[in-house]
Amino acid sequence: MAGVKFSRKDFEKYVKITPEIEEKISLFGTHLESLNENEIELEVTANRPDLYSLHGFMRNFLAFLGKETGLRQYKINKPQKDFQVKIDSSVKTIRPYTACAIIKNLKFNDSSIKEMIDIQEKIHNTLGRNRKKIAIGIYPLEKITLPITFKALKPQEIKFQPLEFDREVNGLQILQQHPTGREFAHLLEGKDKFPIFIDAKDNVLSMPPIINSHKTGKVSETTKDIFIECSGFDFSILNKTLNILVTMFADLGGEIYQMNLLYDKSKQVTPNLEPEKIKLTTESVNKLLGLELKEQEKKKLLEKAGYNYNPKTKIVEVPAWRTDIMHEVDIIEDIAIAYGYNNFIPEIPQISTIGEISPINILKSKIAEVLAGLNITEVSSYHLLTQDDLKKLGQKPEIEVEDSKSEYKYLRRDLITMALKTLGDNVDKEYPQRTFELGEAFTRNDTEETGIKEKHLLSIAIANKDAGFTEIKQTLDYLMRMLNKSYEIQTTTNQYLIEGRAGKIVFQGKEVGYFGELKPELINQIKVKMPIVILELDIEQLL
Amino acid sequence: MNKNQEIHESLSANERKILNYLKENDVKSISKKTSLDEVAVLRALEYLSNKGIVKLEIKNLKIIDLGVNGVLYKQKGLPERRLINLIAEKKTVNLENAKKESGLSDNEFQAALGALKKKALLTLGEGNLIFEGKKEEITHKSLEEKFLEILPKAPEELEPEQKYAYESLKNRKNIIELVSETQVNFELTELGREIVSEAKNLKQEEMIEAITPEIISSNAWKNKKFRRYDITSPVPQISGGKRHFVNQSIDYARKIWTEMGFKEMISSHTQVGFWNFDALYTAQDHPVREIQDTFYIKDVKGKLPQKEIVNKIKESHEKGVAGSKGWRYNWKEQDAQRVLLRTHTTCVSAKTLNQIKKSELPQKFFAIGKCFRNETVDWSHGFEFNQTEGIVVDKNANFRNLLGYLKQFYKKMGFDDIKFIPSYFPYTEPSVEIYTYNKIRGVWVEVGGAGIFRPEVVVPLLGEYIPVLAWGPGFDRTLMEYYNIKDLRELYQNNLEQLNKMKFWMK
Numbered sequence: 098m099a100g101v102k103f104s105r106k107d108f109e110k111y112v113k114i115t116p117e118i119e120e121k122i123s124l125f126g127t128h129l130e131s132l133n134e135n136e137i138e139l140e141v142t143a144n145r146p147d148l149y150s151l152h153g154f155m156r157n158f159l160a161f162l163g164k165e166t167g168l169r170q171y172k173i174n175k176p177q178k179d180f181q182v183k184i185d186s187s188v189k190t191i192r193p194y195t196a197c198a199i200i201k202n203l204k205f206n207d208s209s210i211k212e213m214i215d216i217q218e219k220i221h222n223t224l225g226r227n228r229k230k231i232a233i234g235i236y237p238l239e240k241i242t243l244p245i246t247f248k249a250l251k252p253q254e255i256k257f258q259p260l261e262f263d264r265e266v267n268g269l270q271i272l273q274q275h276p277t278g279r280e281f282a283h284l285l286e287g288k289d290k291f292p293i294f295i296d297a298k299d300n301v302l303s304m305p306p307i308i309n310s311h312k313t314g315k316v317s318e319t320t321k322d323i324f325i326e327c328s329g330f331d332f333s334i335l336n337k338t339l340n341i342l343v344t345m346f347a348d349l350g351g352e353i354y355q356m357n358l359l360y361d362k363s364k365q366v367t368p369n370l371e372p373e374k375i376k377l378t379t380e381s382v383n384k385l386l387g388l389e390l391k392e393q394e395k396k397k398l399l400e401k402a403g404y405n406y407n408p409k410t411k412i413v414e415v416p417a418w419r420t421d422i423m424h425e426v427d428i429i430e431d432i433a434i435a436y437g438y439n440n441f442i443p444e445i446p447q448i449s450t451i452g453e454i455s456p457i458n459i460l461k462s463k464i465a466e467v468l469a470g471l472n473i474t475e476v477s478s479y480h481l482l483t484q485d486d487l488k489k490l491g492q493k494p495e496i497e498v499e500d501s502k503s504e505y506k507y508l509r510r511d512l513i514t515m516a517l518k519t520l521g522d523n524v525d526k527e528y529p530q531r532t533f534e535l536g537e538a539f540t541r542n543d544t545e546e547t548g549i550k551e552k553h554l555l556s557i558a559i560a561n562k563d564a565g566f567t568e569i570k571q572t573l574d575y576l577m578r579m580l581n582k583s584y585e586i587q588t589t590t591n592q593y594l595i596e597g598r599a600g601k602i603v604f605q606g607k608e609v610g611y612f613g614e615l616k617p618e619l620i621n622q623i624k625v626k627m628p629i630v631i632l633e634l635d636i637e638q639l640l
Numbered sequence: 313m314n315k316n317q318e319i320h321e322s323l324s325a326n327e328r329k330i331l332n333y334l335k336e337n338d339v340k341s342i343s344k345k346t347s348l349d350e351v352a353v354l355r356a357l358e359y360l361s362n363k364g365i366v367k368l369e370i371k372n373l374k375i376i377d378l379g380v381n382g383v384l385y386k387q388k389g390l391p392e393r394r395l396i397n398l399i400a401e402k403k404t405v406n407l408e409n410a411k412k413e414s415g416l417s418d419n420e421f422q423a424a425l426g427a428l429k430k431k432a433l434l435t436l437g438e439g440n441l442i443f444e445g446k447k448e449e450i451t452h453k454s455l456e457e458k459f460l461e462i463l464p465k466a467p468e469e470l471e472p473e474q475k476y477a478y479e480s481l482k483n484r485k486n487i488i489e490l491v492s493e494t495q496v497n498f499e500l501t502e503l504g505r506e507i508v509s510e511a512k513n514l515k516q517e518e519m520i521e522a523i524t525p526e527i528i529s530s531n532a533w534k535n536k537k538f539r540r541y542d543i544t545s546p547v548p549q550i551s552g553g554k555r556h557f558v559n560q561s562i563d564y565a566r567k568i569w570t571e572m573g574f575k576e577m578i579s580s581h582t583q584v585g586f587w588n589f590d591a592l593y594t595a596q597d598h599p600v601r602e603i604q605d606t607f608y609i610k611d612v613k614g615k616l617p618q619k620e621i622v623n624k625i626k627e628s629h630e631k632g633v634a635g636s637k638g639w640r641y642n643w644k645e646q647d648a649q650r651v652l653l654r655t656h657t658t659c660v661s662a663k664t665l666n667q668i669k670k671s672e673l674p675q676k677f678f679a680i681g682k683c684f685r686n687e688t689v690d691w692s693h694g695f696e697f698n699q700t701e702g703i704v705v706d707k708n709a710n711f712r713n714l715l716g717y718l719k720q721f722y723k724k725m726g727f728d729d730i731k732f733i734p735s736y737f738p739y740t741e742p743s744v745e746i747y748t749y750n751k752i753r754g755v756w757v758e759v760g761g762a763g764i765f766r767p768e769v770v771v772p773l774l775g776e777y778i779p780v781l782a783w784g785p786g787f788d789r790t791l792m793e794y795y796n797i798k799d800l801r802e803l804y805q806n807n808l809e810q811l812n813k814m815k816f817w818m819k
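Quick note, the sequences are listed as chains A and B, same order. Under my numbering, the first residue of the first sequence is numbered 98, with each subsequent residue one higher. Under my numbering, the first residue of the second sequence is numbered 313, with each subsequent residue one higher.
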């Protein structure tokens, strides 16, 4: 999900924003995040980077509104002399692919420069996975001498003045000294050579995915023609990214020129706006959506979604800037959006299936019912504890999560810990305090799929001036009688319990829990002033 | 029945007892004459006041009175009096001797020295105490001494000189103290006078108070009257044991799904990345898999399921299955083996899909449980939340059915208005975001996502593409709206007082 902001004035050159249009914006799938006099902010989902620019958004949104429907056509000019990028084999193991284009006759102003910068940043951050997968460079053509070479050199051999820097430095120094260099240094970590774009006069244009050159890397209001490159690891995604950019520039009034890409063993020509053709039967659309669309309706909806469709051949033409169409279901969703999610009539089918609650949850409900009848209140705790909690209860950390954003980072290992925390948090409340909790606790166990065993436990804790062994034993006895489970009690010792007042609960020959009077030192630790009795039971064993 | 008659029948024994002494206007003397303790008299007065028989006024007054030491000093003299008398006689006394001879404790001695220095009656020089006043000066009683004699007294009634003495004594140990005293004023109302005079003429018949086993077995109640109770007077609140309110609402949601023919799925909170992400076609470089969003467990390595299913998932990511292009990258086993706290219950659905037999279709499943995200904790964020998960595995299922099941569920949860907006998840297509309408606040509230599982998810797990309807909206926001809870932290803070007061889930 990316938040994109457009100037309201620019937006309203195409569509006036009314409550009805606001509704349409959200039905189009771009949630309206905020709107004021100057700005409109939309949430664009991660699968639609082609909507990140105002022009990209409008191309699709106007079609959705029924204006300018169908696949928008763009004129593409063949490469002129020297419109060429040579890809040296040295980049193969470092950043193997690039897709490039030239745009001519642009008229830049503040808002189009901003649009250009914004979309680069959005694509870098989302689809580009913070420049790892895709890095985009846009350069004023007048500062460059064609043709261009994409190659990798030893960092010490790379020398240029990076953007926003006052001197020439080498590749390594950029990663060490330049703020942008430091931010993205990890992307070139362990590489013995760094990739660069370099022009016919050996001027470095940029060192992707890090930074452009100060001399050739800045588009200004006087710039008319530009060179665009996208570099990364997947040629197909780079092509589509390039297409998102060139169509945006064409919508801004530019003319698209292709470039020859001379790879080691093959020649490619980019950009390529040839739509992909996918056959889509009306049956599969209707089956998935539960509709009865006719060919003509299907055609109309596809055109509202920005596709072309031929009802005779059932061929859908997919815009070459769509990065998200992997399967026909992706096109079917666009048909559903064009149809309008609000126009679908929800319907529950007449199929017969038998409902069932899991045995463990039935048991939990029954236990809760029995204990509530004894005037015991259910509590519910977090599954994670803080260092402080552990310290208070004299416990060692056992299972820890990585890099928690809060203080909570240790998985609870039993429910008694949680019960004592609750009593400790409620010392200022009325007594008697009687609590129970049903939940999972975590211990290491190599035989489990995750290396962690999760037990379904019951804990009971009673704090009161006359709380004693008899009350907790009576509670256990009543619970087990009501659940119709016979059990035995044996003497035990336990970290929580006073010796001689601690019982272990044995069910079908297996130890399933313990109960007794809490050690006074533990009561002191949680700052309670009442005697406390506790019980813990592995209820899964009772099933 | 005559209204006054009803009143007579509602008078308790104690009320009747004090009825004849109400002209006294003094709790103490009523207490003496009726041999009821003062608390009982006061309570009876309150009941009479509730019935309009007396006009009762209870004031809380502050009174300055002697403290423990004050009582003593009033008899024996203040420490400074005892010290000055000693010194005035001898003019100069060694400090240590003075202390010994005065018989004062350390504290008293220090306080006495301070008080006398302040009045310039003595000075300290070379370990000696030297008398600086005139003998006549100390023959009069000091302001403090006079003050002790007039106590008890209310602070607002103090003369300026007394106020001075009060200020100088109040910080000394236990000489004086400010005590709260209740002043009770009452007088008979017109109705009260009627009742009192009628009571004299009425035959005092015995009223039955609490019914006891003896009264029942002896038939003593026959031909007697039951005293009328003031049924409107408040009683102390009690509370009982009950399920936690979150679990009450979850129990209800469980009931809805089972009524609709769904079978419950159970699975653990810790999962391997394989089930939480890979089986759900979430690419290994997807941002949601980063440590900033997901809780990974330190120092454990999970196990992957059988090779066959692992390879199918790998293929679905790398090359695509069922006509899909796939994500096209090198899928790594070790990323799938990382152990995490499940970020959604959808991993439970993935496991279920991998287990069900195609011959048993159609089938419907649900799960409700905790999920985890690496988040900070504040009123609107938390690292734990409940999700309600559901899948419908039916070869004829379609998008309208998806919306149908969701609409029905939310209707039963109390939301008549619900809307669906396009959305995106890596594992569903089409995808929707569900919004429910909050009638009280007049706003649409986003509750979570749903969709139809992509072929890239279903084909590896089930062996063929069946449109599997799936949803996993969060549940906490829905129940918070019901209970009108604004702060997420309140859900699991286990404040026992709040839990006692919490209302039941009434659905």
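Accuracy of the hints is not assured; some may be wrong.
To be verified - In silico SDA-like cross-links for lysine to any residue, where the CA-CA straight-line distance does not exceed 25 Å:
1) A:K288 / B:I733
2) B:K403 / B:K367
3) A:K552 / B:S580
4) B:K340 / B:E318
5) A:K240 / A:D322
6) A:K229 / B:W756
7) A:K384 / B:S580
8) B:K631 / A:D207
9) B:K707 / A:L377
10) A:K376 / B:K631
11) A:K396 / B:S580
12) B:K637 / A:T410
Quick caveat, the hints were computed from the structure, so don't treat them as lab data.
Consistency of the hints with the structure:
1. Among the hinted pairs, K288 of chain A with I733 of chain B is inconsistent with the structure: their alpha-carbon atoms are about 45 Å apart, more than 25 Å.
2. A distance of roughly 64 Å separates the Cα atoms of K403 of chain B and K367 of chain B; the hinted pair therefore is violated under the 25 Å criterion.
3. For the hint pairing K552 of chain A with S580 of chain B, the CA-to-CA distance comes to about 9 Å; that is within 25 Å, so the pair holds.
4. Distance hint between K340 of chain B and E318 of chain B is unfulfilled; the C-alpha atoms sit about 29 Å from each other, more than 25 Å.
5. Among the hinted pairs, K240 of chain A with D322 of chain A is consistent with the structure: their alpha-carbon atoms are about 10 Å apart, no more than 25 Å.
6. For the suggested pair K229 of chain A and W756 of chain B, the alpha carbons sit about 38 Å apart, so the restraint of at most 25 Å is broken.
7. Pair hint K384 of chain A plus S580 of chain B does not hold up; C-alpha atoms about 35 Å apart against a cutoff of 25 Å.
8. Taking the CA atoms of K631 of chain B and D207 of chain A, the gap is near 43 Å; set against the 25 Å cutoff, the hint is violated.
9. With a CA separation close to 19 Å, the supplied pair K707 of chain B and L377 of chain A stays within the 25 Å bound.
10. Simply put, K376 of chain A and K631 of chain B have alpha-carbon atoms about 20 Å apart, close enough for the 25 Å limit, and the pair holds.
11. The suggested pairing of K396 of chain A with S580 of chain B is violated, with an alpha-carbon distance near 47 Å, which exceeds 25 Å.
12. A threshold of 25 Å between alpha carbons decides the hint, and for K637 of chain B with T410 of chain A the separation of about 22 Å falls inside it, so the pair holds.
In summary, the numbered hints that this structure violates are 1, 2, 4, 6, 7, 8 and 11.
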